[in-house]
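K.L.:
What follows is the residue order along each chain.
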Amino acid sequence: MLFDNILIYFVLIPLVMLGGVALSRNIKQIRAVAVIGSTALIALSVYLIYQWLNPTPEAAELAAAHDGMYHYASWKWFSAQGLNINLTVGVDGVSIAMLLLSSIILFTGSFASWTIAQPKAFFLWLILLSTGVFGFFITIDLFTMFMFYEVALIPMYLLIGVWGSGNKNYSAMKLTLMLMGGSAFLMLGLIGIYYHSSADGQYTWNLLEIANNNAISTGWQYFLFPMTFVGFGVLGAMFPFHTWSPDGHASAPTAVSMLHAGVLMKLGGYGCFRVAMYLMPQAANDLAWIFLILTGISVVYGAFSACVQTDLKYINAYSSVSHCGLVLFAILMINTTAMTGAIMQMLSHGLMTALFFALIGMIYGRTHTRDITKMGGLMKIMPYLAVCYVIAGMASLGLPGLSGFVAEMTIFVGSFQQGMADYLAGGGSLRLVFTIIACCSIVITAVYILRVVGKLLFGPVQDKHHLELTDATWWERLSTATLIVCVAAIGCFPNFFENLIRGTFDPEIFRAIAMNF
Amino acid sequence: MDYSQFLLMKQEIALLVVFLLVFLYDTFAPKKALGALSGITCALFGIYTIAGFCTCVTGVSDTAFAGMYATSPIIAMIKNVLNVGVLIVLIQSVKWVNNDSTVVRRGEFYELLLVTLFGMYLMISARHFLLFVIGLESASLPLAAMVAFDKKRYESHEASIKYILTAVFSSAIFMMGLSFVYGLSGSLYFSEIYGAIGSVSSPMIICALAFVIAGVGFKLSLVPFHLWTADVYQGAPTPVTSYLSVISKGSAAFAFLVILVQCFGAVYEDAWEWMLYALIILTITIGNLFAIRQRNMKRFLAFSSVSQAGYIMLGIVGMNAMGLAAMVYYILVYVFSNLAAFGVIQAIENNTGKVDMDDYRGLSKTNPKLSFAMMLAMFSLAGIPPFAGFFSKFFIFTAAINQGSIAIYVLVLIALINTIISLYYYLLVVKAMYISDEPSTIERFKSSCTDRVGLIITVAGIIFLGIVSVVYNHILTLAERSGLF
Amino acid sequence: MEINALYYLIPSLIMFACGVYGFITRRNMIAMLISLELMLNSVDMNFVVFNRFLFPGQMEGMFFTLFAIAIAAAETALAIAIIVNVYRANNDIDVRDICKMKF
Amino acid sequence: METSAILILAIPLLMFLFLGLAGKYLTHKWAGILGTMGMGITMCLAYTVAFEYFFSGNQFFIDEAGNRLQHVVFNHDWLNFYDKLSIRIGFLLDPISAMMLVVITTISFMVHLYSNGYMRDHHGVWETGFQRFYAFLSLFSFSMLGLVVATNIFQMYIFWELVGASSYLLIGFYYTKHSAVSASKKAFIVTRFADLGFLIGILVLSFYVGFYGEGNITDAFTFTSLTSVPVDGIADTYHVSEGTAQMIRGLFENSAAPMFMGASVLTWALVLIFMGGMGKSAMMPLHIWLPDAMEGPTPVSALIHAATMVVAGVYLVARLFPLYLMQPTALDIITVVGAVTALYAAMVACTQIDIKRVLAFSTISQIAFMMVSLGVTRIDHSTALGHEVHEGLGYMASMFHLFTHAMFKALLFLGAGALIHAIGSNDYTAMHGLRKYMPVTHLTFLIGCLAIAGIIPFAGFFSKDEILTACFGHSTVWAIWMAAVAGLTAFYMFRLYFLIFWWKEHKVHEGHHAPHDQPWTMTLPLVILAAISIVAGFVPFGSLVTWNGHPITGDGFLTNLENLNWGVASLSLIIAIIGILVAMVMYKKENAIPERMHNALPNLWRWCHHRFYWDELYQFITHRIIFGLVCRPIAWFDRHIIDGTMDAFAAVTNKASFAIRGFQSGNVHMYVWIYLIGAVLLAAVTMICVL
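Protein chains in written order, with numbering that gives the first Met the number 0: chain A, 0 to 516; chain B, 0 to 484; chain C, 0 to 102; chain D, 0 to 690.
Since the hints were made in silico from the structure, they are not lab data. Some clues are possibly wrong.
Computed spacing ranges between beta-carbons, pair by pair [claimed, not checked]:
(1) A:63 - B:6: 52 to 62 Å
(2) D:20 - A:50: 26 to 36 Å
(3) B:367 - A:63: 43 to 53 Å
(4) D:20 - A:22: 36 to 46 Å
(5) D:424 - A:468: 34 to 44 Å
Given the structure is predicted, the values throughout are model-derived calculations rather than measurements. In this text, a Cβ means the ideal position worked out from N, Cα and C, and glycines have one as well.
With these hints in hand, go ahead and build the complete structure from the sequences.
P.N.:
See the structure below:
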């Protein structure tokens, strides 16, 4: 039965929220709906974690029967003989982590957009977007995944176009078209996978079945892997398909930047790992070098170009390019440690960037400029926001005790292990070299973060008018504080999350790794 | 002869009955009772449509008149799909048809419309080229009259003259092709042609095929036989445009599939496979490229419908039940999405006479409901989930790739890249309505109840046709039993 | 001499070509209609000839021809009516003048 | 034991959190008192722990042969990379960490106490952000303590970063001053760059230990096993599993690792790790951040940039010393870097005007001493000027100097702080002849100078003497070199001393009150530290802190005197005294000698005064090359090429759409033409293709 499965509620609650927002009369009710709903979602994902950590025997049994996917369930949707499309749900550590991330960011995002104009329409689109996100993370069925993926993409257009700022028409259109261009390749890839999903003509969209059938011939993998990887990689801001990100983020309203950088860009990395690598390990192993080069480039490239930006949002957009590049980079290492690090990086970058964009939005809302050359000495004017910004910056440049360090350290250790192993096994030094190149990003990151902090928060006050600005309001404090607590939590107790995630990568379900070890 | 076989034609007969009733009422009803004509027509046709759905579930597949006429559940289905479209068109056209300039001739409008529909039925059911040609002509000639329906507007005349001239020319070409076919096979029965020409192609066959494809492609407005489309769509009265864009296109698409599969199926690889690929690529790309620049909403939708025709053609390349089902489903969804768009355009045109995209700026401020419906229609046409358009596009691509060759992957990739362009121009409309900040030139108005009914039906269709999987599953089961392949 | 199908087919093809040529070159719509008639008639001839020479046993082609003639007549009637309309609208029937809608 | 160990780390952390979060609800006074008390308690705990370690004779800490052992108090998993490798946070107790605990807590407490007075002006008005200051001090103390008690190199790296961050925050304490902000930025980035080397070194090391090691790498990766004594003939006193010890030994000695650019990858690893040390300890060429770091409040300079953080590099090398011992190449590199830096810094210090800069450069030079003395340490029987040199004397000497230097350099900085606080300027030209006004400061400062100059019996004498002995034991060249630097040290310190307290009488300007000594909160630390730097030299380090825990001297109070190598000692004494005399001649009374001096060698003077233009060089590299030739081009490329391509697609589509609009000419003839051509082409092309 549909409603017996807990995962369905990740989609149902947002739908109910949609209804609630549509029916609510004033902004108070809308806020109430948003806050209550997102709190419910957080509670739900926490409950999932609890269940995952100590499952009931039958739950464990079910999971064991489905490659470690908890709460697995499948409902027939479109007829079997033709398309054989089912709605299949199931979660493992990675998806649970992502669900938690998304719900937290939705929660904080709804606080960050506390006083938005036209709240009703805004929250409708925002919640529709998050419906897509949650749906994407709970499904393990190519068709439904893709459907939710696009559901999550389209609201961006209106959210940026209507509530955005600056050159919003251009950015919104560019973002939508580029992401849809990615999903065009993706769609072809997925359909191709479907038609090679099984040897006996009983094609299926179900990830687990495809993985177990293992019927995609190497030649087809070589064709389909790039399709899917690039398709998701566009959303993961992989060089050279990242250019939607700076403009898009720069024009987007606060909450949208938060959700987009915090969650949507993770869809890319998650999809790359869950679909491209998981289903086509052979190609993943053989073609990794191409994408290693691309992602390795985007790690340093993003960092370098962040160094000279003057618009706060551009800086963070480029740093997102760099960090998300690191995610894909680590995924391509096909090494348990590195991939764990990649997921950790997704979590950490999600929270951290959401925090960044929230703060930028709040600062922009006060100073009405994002140009760091026009601001300065904000530490004196709005100490709370400034301190939060410093903390976010420290997290982003990988200060121990905050989330960034844990993720990056894990990635570097893992990829270095892999790289050295390759090298000694005569597998070429590519992984090694690019690992070291990626390591260099920690310095560059420090450069641009401290540059911003120095110019924006420290130094004398640039603009005398800024002196009468006020510090954060309670809802702003709440949203930022939540994020900071999460960042610090990951940074201080990483083992909890690492164990949650690493459970996913046992060789049985991840044959790519099995091939490498 | 065995008169029972007329029973197979029950849909055509029922349609004729509706036609006759409307005709008689229009002719003999007293002046003051004539006001009810529109209502009566809609009601009659609605009843007929619903009845059609009830019967087609248990539809038989059989041929009549020595195999000239064939029916099968899927054929009944496509006819029902067309009926739904026509019903919506009828409902949406009520306001327009009852305005001062056309009110005296509204009867003719309905009769012509029903006659063309009858012609399309024949096109779909024909298994003999004589019947097919009769259907084709009776589907296209009255349309010329309908296009010219607006006496006051010059564009209407220009459109109709362009339409009639090109239509007759193309039917001449088509019949030339037919004469070749006849010369080759000595028969006009699809089945016998299939047998006679065998599976090896000759210049003669290819020539004949090219002319036939050109003839039907004209109705479907495939590039390069599409040039009439934009002008006629723009010039014709909006209800006629919507009728042209969905109903005649849908029927032609189905008939096209039937002809290609039934007569020329044997020469698929070495004759028309590549023709079809070329036509599809051209149609989608050129249609999109033209649509980008359009400011007039009707012209814009004309070109969008050109590219949509290309997507519909993707259902044929598979030459299997899946493709057929995908195609019928696509047509169904396309009927709803396009008619929703045209419904909004009509509502606005009837109330303000504005059909320019620039007039739609800021529409969401003044007429939120209309602009919402329009946005859904655009999203559905662009294939955005969770609206029906997404599913139909996804299914038709899947069905096409089922054919399996590398070429088809390339073809689908090109089609997919084209969806980005199409998304761009569909979003232009959304942008005009929602994003641009200029004050709207269209003040708030209250659209007539028929318009609203039409919009409600279509929007409901857009939202539910996809998610409710029964529709597609049913179509697929019918397609499996179609016996076309 | 033996008169075979070619002796009929070639003239009909020429007729068709003439029709096409006329349709494309003449600006006067009536003239265009006439050339259309030429094309249709050549089609009819084809059918009749094929039927008569290749498949003498049956009448399919002949029937088709009858129907085609009828259809042609209908088309002409309709076209003329519309041309009259156009003539009322802008007092000539030059096809080049009816290109208000373009691009 | 364990509780006090935990508390030592916990109290500063909690103090940081408390002061950081609740600070602004406290009065300045109470914030100060709280912070100081917290640090005081930590100090007491640290003393008890250290005392217990050194003198309790507990078999955990010392075996029956009298060797000091490494004892892991606690060690918990913090982050599992994978089943074999994980980061642990723990508390390692061994001679050097115990010694460092004492140093850090002492200095830190002094600074906490001192700041109570320093951080307000003469009218008793508190600095803004006083609570923040104490919060950061606590954070720093926590990180530094965590660093020294690290049980494995990962933990060390973690706290290494934290130390850097807290130093960043403290240097930038006056965040409205541009100079302070840029100085803090510079400090962080330069050290970050060094840490890159450190990180890669760690990665290499972890890989190899894991690659050749069997079983759990994490165990092999704790310092106890990494530094399990490798050299044959000396008992493995650290009691690690023989297997691990053998593995590491084999790994490093007959370097199984592949060569890279002529050296074993492990040598590279060690060199890279040392690079991290260079960054923190401001060795050339990564020294440039330390002088600028003087922008921070003076107590901070005393704590971080004189006594504790900057010696982290030395501590790191000492920590991994046995590994370095197996890779002599690395040790040689350390020696060279240290020696060059020592000379360079001493020369520059002779010409600086800002007294804190002088002290900063002297710090660099002194740390270089420690590095050198680590670099020259070998385990072989050697003699210095005819006398026997103990095995691993250099190691002991370096640690000894670290200890004494921490004390007297902190003293000097706090003294300088007192002066600055009184005068309101960093510049000795504003001071001159203050001895009458500030007697206590004067006296303590003098003691500090004597100590650093190495005058018997002050602390510096003994440690520096040991270092020189070790140098002689290794190579005479370096020994002479370092002796010369020692002479320079004496010279520049006394130049500073005389210029501040003598030179000419201080004139009090109208309206200014005469400078005077400070409140007890500031003088007390001075006095205490002065006392320590008098007696610290007699601490029998040889019996407490050695590289393998094996005592090399007795533990009597006079043992250092007894073990003196009088040849070296007299040499260094003579040099020191010469240096002092020269300084006295040049700077005691106002005269023209200095003027003539740098007219005599203008270029030398200018180069030294401008620190050999290192900053300018770095400025050029970062701004011109990195920003100008890398970042901006990349940004441009992104905006114009990548983005341009994307826009180009759109533009091309639009152009195409305009180009083909002609076909829709609205002319029926045209339509029919195209129709016909289309049909014919369709047929023709298909025929060509198919037939």
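K.L.:
Please name the hints from earlier in the document that this structure breaks, with their numbers sorted from lowest to highest.
P.N.:
none
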